[in-house]
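K.L.:
Sequences are here, hints too, so could you generate the full structure?
The number in the numbering used here is simply the position in the sequence shown, starting from 1, with 475 added.
Check the hints yourself; a few may be wrong.
[To be verified] Straight-line Cα separation of at most 27 Å, DSS-like style, residue types lysine-lysine; simulated pairs:
#1 K1168 to K643
#2 K1052 to K996
#3 K1034 to K1052
#4 K628 to K1168
#5 K1168 to K587
[What the hints assert, rightly or not] Simulated DEER-style distance windows between Cβ atoms:
#6 F1217 to E1109: 44 to 50 Å
#7 R867 to N769: 40 to 46 Å
#8 E1037 to H1163: 50 to 56 Å
These aren't lab readings, by the way, just hints derived from the structure by calculation.
Cβ atoms here follow ideal geometry from the backbone N, Cα and C, with glycine treated the same way.
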Amino acid sequence: MELSSAEVASTRLLSLTQRSVSEDLGCRRGEFSRKHYGSVELLISSDADGAIQRAGRFRVENGTSHENTDYTPGTWHRTDVHLENPEYHTRWYFKYFLGKVHQNYVGTDVEKNPFFLSVVLSDQSNQRVPQYRSILWRKTGTQKICLPYCPTKTLSVKSILSAMSLDKFEKSPREILHPEIQKDLLVLEEQEGSVNFKFGVLYARDGQLTDDEMFSNETGSESFQRFLDLMGDKITLKGWTGYRGGLDTKNDTTGSFSIYTVYQGHEIMFHVSTMLPYSRENKQQVERKRHIGNDIVTIVFQEGEESSPAFKPSMIRSHFTHIFALVRYNKQNDSYRLKIFSEESVPLFGPPLPSPPVFTNHQEFRDFVLVKLINGEKATLETPTFAQKRQRTLDMLIRSLYQDLMPDLHKVNNMLNRRSFSDVLPESPKSTRKKEEARQAEFVRLGQALKLKTTVKGDAPTNLATTSLCKKEPWESQSFCSNFPHEVVCADSWGQSLLVSTDAGILLVDDGQPLVQVFDKTLQIKQMHVLEALDLLIARTEKGKDSRLLVFRLSAVQKDIETKQMIRSKYDCRENKLERTKGCHLYAINTHHGSELRIVVAIRNKLLLVTKKYNPCNSLTSSSLLSSSESPVEEFQYIREICLSDPPVVMTLVDGPTGDSDNMICVAYRHQFDLVNESTGESYRLHHVEANKVNFVAAIDVYEDGEAGLLLCYNYVCQYRKVYPLNGGSPLIQPSASNFHFSWNQVPYAVVCAFPYILAFTTDSIEIRLVVNGNLVHTAVVPELQLVASRSDIYFKATAAVSGSSNSSSKEMSSRSSPQTPIAYEIPECPLSSLEDEVPCKNLYKIPLSNLVGRSIERPLKSPLVSKVIATPMSTGIASVPVTHSLSLSRMEIKEIASRTRKELLGLLDEPIPKTEDPQKQKKVSRRQSDPKQGAVRSTSSDRIISSSSESNSEKRHLSTSSDPDTVANREESPPSSCPFQLTSLYDEDIIDLK
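P.N.:
What follows is the structure, encoded as structure tokens:
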């Protein structure tokens, strides 16, 4: 049924007049607090007589909050559970290099420290986005960056090292041609940490206050046994072939049984105190302490009521354990309560505990605990104690490998090659083409064999066991406008709509509604802000001498849209020009409006400060009191002019605590960030960039517990600096532990902060990290990405590949780009626009800010990069799936993949495995699962056979932005009959899968 024009206008008016949840949250997006991750306390333990035994400083997380129960900035209403720095995103060499044609170089820096460089031209996550990935191996750690691929522009080793801030060398890099170097570099990458984990589990009865008492418990209670059954499966150690976590699997010297599980590809072995050997003669239970005392993370399951004496980390005599997770079970409401103790030196890690930290859903509790403990052990490895050990080990390995290559450094043979800096990376000399092809084939063969061996051993950073199909991530986006035909210059959200400046003029875009022309194309707007609370539209027009700052009343623009009286042109906006703004190239407004709106306009090297007093009568909600004048120019007043040494590239306003002569302006120019006092015009050096070339991205004002800070983004770096503006006008730039920095994998052109996340936008990806520690949680591949607006909800434009032919199956598509195919030269995939039988179209997508900053998530949102899935409803839907644990598929799938790949490498497999074999495999898996003698082991509930089977089927039909090219290429597409259930209308919409 089509709507009449009056109904359309009425609907659009309602959309504009109703302020969205995102608008309410937009001014708070920069507020965050590290208090959600606990506070450091001095914990003292004493014996039964009250004598002090030990003391230590620990960060205590108990989920309590001193803030109001109503929503306030930074208060958590839910917690998103993410693995931080997941190995399938961070272990680049295994995922993108090993088993593929790539190049490795060795050299020494000016301090005579050796380094290794690895470069590969990869197709990013099978999304046909070719780019260079580079890893620099140094004694201080590894540095990883992505560089754009351009067919017409060559890339040299020198330019790559320069991008990594390594410009001077004692010995120039030389290429290593021997294929055995792959094994050595894989060992270097493994120094980042283990893929698998071992956690201690200590049972403590009510009233036990010393570690000797806790370790002396022979058996646990019924509730403790239920907790163990929830966390993992009971396995027989003798003959165990999986990850053993240091336990004896031959002679039962460390007990006969243990608890084991797999979570999102990570094998986990629990050292349970009641399952380790017990000695009646040894009161200290040295054998038990030998294992649990050497675990970085220990779970303490404590019996008793909340009022009974609580566990303290100082009760345990261990210099190695850094994190304790205290678990209590409440029989009355069948819930678990969690409390986390972290040694003071451990960096912050998530997820933060909910408030209160009580879990009635046991499966959610299990997922939360496992993610929290995995993240905690990774964070512990960054403490000075472990970081120094890792650095010494890495330095020794790099120097040893360099010494092995030294004898061949001055020889031209098959070990090292003297390529100059000007050589193009992906090419080789034509005279040696055949020899190079043979070498590369051997290089690929050895790399794939090494990758296969690592995978079979269980040490591979794979993600075969992924999260639930129904889980929705906060950053998933919905389709906002399909087939948007115009080039976007800038935009801002207006209620539930989007005001967009395009090459065809200014358009109002609403989901499901036709485009509405607001201004014609004679008005070219380069920057805009829609301020609904102030009934204002602020815009900067064009560039050069004719550029101006324009201000409009939103109500007047809305009236024109409603009545369709006129489409304004450039000449109709003469009364809307702000005086003294001619020639402006940049402007900024204060994000926290408070009592007044402040605007700073940059005109070359001059800053013009303009303010507007807040008048609630001009609010959109009070449109009946609208001023007779349509132009609000007279409401703005010029304050002062500030001169800088250079024109600013980036500009941000920082609100002072009082707002009285302590507001600051952060400007970026040349190689520095400066703070400028709005009242006095004095400037202070905030940060100097030590780099030859500086690409300024953003300076984001954030407020931690009300105190101002800045996220300075440039090149690959994002640095947080805490700033305390003082009443006297001069800022105090605090050089303390509160400041931190991290590096992006690719240089972004825009950065958006929405606590707890910070998102970096590049030309083809969205990199999502946590604000408090900079840890990576996800990288989404979005071809031809353009950020459109981000002041409240996040809007972006991207290309969705719509297949024009249905002849080729998904399996045929995947075999074309299979990473297991040993070829002499790897040629990057063509861009989307040049693919045959595909029609690229640009769509607009929206990430609701309410999802990112902590409001509840309702349903899966639409996404642009996934084809529509239409499934036949079945009698047994998702709800009928029993919530039971099942056998982990990871090790069996790995062995099947290994057998198939080995045959492919040896040329013994001429035809792909027929699809009819999949149901047989499914029957074998089910038979093993039902047989308790097989030692059935399950992973998390999201890693079950049902999820894995349906996910492997759906991944062939979905263009997923997180699909691992190595794992996806190895999966067989199952027929519909082999799936335990089919997807229902839950995925009946086009969605962009940013997972």
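K.L.:
Does each hint fit the structure? Answer for all of them.
P.N.:
Hints and how they fare:
1. K1168 to K643: 15 Å, holds
2. K1052 to K996: The given pair, whose Cα atoms are some 18 Å apart, holds under the 27 Å limit.
3. K1034 to K1052: It holds: about 20 Å lies between the C-alpha atoms, which stays within 27 Å.
4. K628 to K1168: Holds, because 19 Å separates the two Cα atoms, which is no more than 27 Å.
5. K1168 to K587: With a Cα-Cα distance of about 25 Å, the restraint between K1168 and K587 holds, given a limit of 27 Å.
6. F1217 to E1109: 44 to 50 Å: 46 Å, holds
7. R867 to N769: 40 to 46 Å: 19 Å, violated
8. E1037 to H1163: 50 to 56 Å: 52 Å, holds
Consistency note: the structure conflicts with earlier hint 7 alone.
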